[in-house]
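Novice: These protein sequences, in sequence, are chains A and B. Under this note's numbering, the first residue of the first sequence is numbered 4, with each subsequent residue one higher. Under this note's numbering, the first residue of the second sequence is numbered 4, with each subsequent residue one higher.
Hints listed in this document are in silico derivations from the structure and should not be mistaken for laboratory results. Check the hints yourself; a few may be wrong.
The list treats identical chains as interchangeable, and a pair is accepted whether it falls inside one copy or across any two copies.
Said to hold, decoys possible - For lysine to aspartate or glutamate, the following EDC-like pairs were computed, each having C-alpha atoms within a straight-line distance of at most 16 Å:
hint, residue 1, residue 2
1, LYS207, ASP60
2, LYS194, ASP230
3, LYS23, ASP160
4, LYS54, GLU209
5, LYS67, GLU115
6, LYS207, ASP176
7, LYS135, ASP254
8, LYS163, ASP59
9, LYS88, ASP138
10, LYS284, ASP254
11, LYS194, GLU181
12, LYS163, GLU297
13, LYS118, GLU306
14, LYS121, GLU141
15, LYS23, GLU107
16, LYS197, GLU65
17, LYS118, ASP138
Protein chains: 2
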Amino acid sequence: MSLLVVGSVAYDGIETPFGKVDKILGGSATYISLTSSYFTGNVNLVGVVGKDFAEDDISLLESKNVNLKGLQRDYSGNTFFWRGKYHYDLNNRDTLDTQLNVFEHFDPLIPEEYKNAKYVALGNIEPSLQNKVLDQIEDPDYVVMDTMNFWIDGTPDALKRTLKLVDLLVINDSEARELADEPNLFRAAEKVMKMGPETLIIKKGEHGALLFTRGEIFSAPAYPVIDIFDPTGAGDSFMGGMLGWIAYTNDRSSQNLRRAVIFGSVMASFCVEEFGPERLKNLTEKEIYDRYREFRELSQIPEIS
Amino acid sequence: MSLLVVGSVAYDGIETPFGKVDKILGGSATYISLTSSYFTGNVNLVGVVGKDFAEDDISLLESKNVNLKGLQRDYSGNTFFWRGKYHYDLNNRDTLDTQLNVFEHFDPLIPEEYKNAKYVALGNIEPSLQNKVLDQIEDPDYVVMDTMNFWIDGTPDALKRTLKLVDLLVINDSEARELADEPNLFRAAEKVMKMGPETLIIKKGEHGALLFTRGEIFSAPAYPVIDIFDPTGAGDSFMGGMLGWIAYTNDRSSQNLRRAVIFGSVMASFCVEEFGPERLKNLTEKEIYDRYREFRELSQIPEIS
């Protein structure tokens, strides 16, 4: 089924304890599109880039059959740029520079041919823009959304309006606690789901993820990546892998949502192995399915005879 | 198989956001004995109590068939007493009072009839005492040990000597990082296992536990206890459930160690439902096995057809 992806397309400058890169392709829509493209052939991107956006990066997305009709080109400035530095433990980072550039006036216009999209991925952008996207989609079957503390603090009302329209919300544990104003994660999940989404995924970084749906909980393990090289894009890769699988199978049963969470974890685990989206450029189907099976083995609880 | 349990027997004063109790049975050897007794009929305790130790508490342990021949009674003082207060999120606690009392001069003497013990549980006590216990055991098959930051900081050399004699070490994530002086948990695990234990369990509190054995990793989920009432004894109950299962089955295969980790998690999840060891007094076999199956369901990753 067709998948519409809306979010940022950016350049990132990244420093980790293992190296440094001055300018590399980034942005939530980029990671979601790249990762979901391994599952579904019908990925439609909406975003904006500036005059500095490289032909090579266009080619990369096109090589993955990502439809770029909705990628606006704004020649009045440069592409959104973020620069950050990760600490030794890789769980924390400092933002050193943020240049919104053409992203500051991003107006997500959905091309006619995208308007019948059944699956919609709202990357982490301003909730009022996420809302505006949904206004333009005729009859979406399944809306998945990411958000962050910045919007929970800054624009809580717009966020709550968007949440009412969302089927699946993907956030991390501290965001869930903050959004619900509740320290207990399981109680926080209950409160967040009352705000709209019937399904909730709480990402716990190195501790895996929790899926809450239809009164059921699924606890997904994290992949024991010994060498996390660069965490940039991991959350968006999770969302792309997950939604790519759901759109491909067009199956939102509890069992298949479990599979989707694992495919999300698989894509995130690949993402962090190299700088930026490097590792996501040339994955094979075998690598992806093998890692799914590794996840399965990792958390398999034997029966008691 | 026979299981020898060495550790503290204590009284605790506990305050949580949900209530307060002035004096309740506690201590690592108590929790390990109570929980393991549900699996194996041959639990032998070594510890010390003071003149204030109540007949009811003796009766409780005896009712679970815990052999108390190694429980010393020292009439020169009172039983080890600890008082603490948990914060709102239950992950942190303040120690308000510690009275070592008769535990200060605890000399773990192993009764003759315990000396051929095959399974040995060393609760979290001074490493030199743990060492002294092992010196007295003729030919233990499997030694399991708990420790804490206090000993990692305070008596690192004695701790490292004990570690060389240990088959399975159970610690939490921050302790593993500190012991290995390595922030990456998986790398820390590798370093800790080089210190002696061929099997390592890292407890991650609300995030479950990791089992490292024979080049294999198992990621166990946490039980989504909505209402943690009192976390006291959870870690020791984990150890008791785990080792009780191993001693009962006398099977240390990777697959059975996975089961043991889940039974440990099961007993910890019961423990936190009421104050102190209250919930551990009258569990049924059905409750324990049902919860094992719940854990299994919670983390079941479906196959891909």
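Novice: None of the hints should be skipped; say for each whether it holds.
Specialist: So, going through the hints one by one against the coordinates:
For a Cα distance limit of 16 Å, the shortest separation of LYS207 from ASP60 qualifies neither inside one copy, at 31 Å, nor across copies, at 41 Å. Taking identical chains as interchangeable, the C-alpha atoms of LYS194 and ASP230 lie at most 16 Å apart only when they sit on different chains, with a minimum of 15 Å there against 36 Å within one chain. With identical chains, the CA atoms of LYS23 and ASP160 are never at most 16 Å apart, being 38 Å at best within one copy and 39 Å at best between copies. In this assembly of identical chains, the alpha carbons of LYS54 and GLU209 never lie at most 16 Å apart, being 37 Å within a copy and 48 Å across copies at closest.
With identical chains, the CA atoms of LYS67 and GLU115 are never at most 16 Å apart, being 22 Å at best within one copy and 72 Å at best between copies. In the homo-oligomer, the alpha carbons of LYS207 and ASP176 lie at most 16 Å apart both inside one protomer (6 Å) and across protomers (15 Å), since each shortest distance falls under that limit. Taking the closest pair of Cα atoms, LYS135 and ASP254 never come within 16 Å of each other, the shortest separation being 27 Å inside a single copy and 60 Å across copies. For the identical chains of this complex, LYS163 and ASP59 are neighbours neither inside a copy (38 Å) nor across copies (55 Å), given an alpha-carbon limit of 16 Å.
When the C-alpha separation of LYS88 and ASP138 is checked against a cutoff of 16 Å, the pair qualifies neither within a copy, at 37 Å, nor between copies, at 51 Å. Taking identical chains as interchangeable, the C-alpha atoms of LYS284 and ASP254 are never at most 16 Å apart, the minima being 27 Å within one chain and 45 Å between chains. In this homomeric assembly, LYS194 and GLU181 come within 16 Å of each other (Cα to Cα) only inside a single copy, at 11 Å, whereas the closest approach across copies is 36 Å. Neither within a single protomer nor between protomers do LYS163 and GLU297 lie at most 16 Å apart by alpha-carbon distance, with minima of 38 Å and 33 Å respectively.
In this homomeric assembly, LYS118 and GLU306 never come within 16 Å of each other (Cα to Cα): the closest approach is 48 Å inside a single copy and 34 Å across copies. Taking the shortest Cα distances, LYS121 and GLU141 sit within 16 Å of each other inside one copy (9 Å), while across copies they are farther apart (69 Å). Taking the closest pair of Cα atoms, LYS23 and GLU107 never come within 16 Å of each other, the shortest separation being 26 Å inside a single copy and 54 Å across copies. In the homo-oligomer, the alpha carbons of LYS197 and GLU65 never lie at most 16 Å apart, since the shortest distance is 39 Å inside one protomer and 48 Å across protomers.
For the identical chains of this complex, LYS118 and ASP138 are intra-copy neighbours only, at 10 Å inside a copy versus 75 Å across copies, given an alpha-carbon limit of 16 Å.
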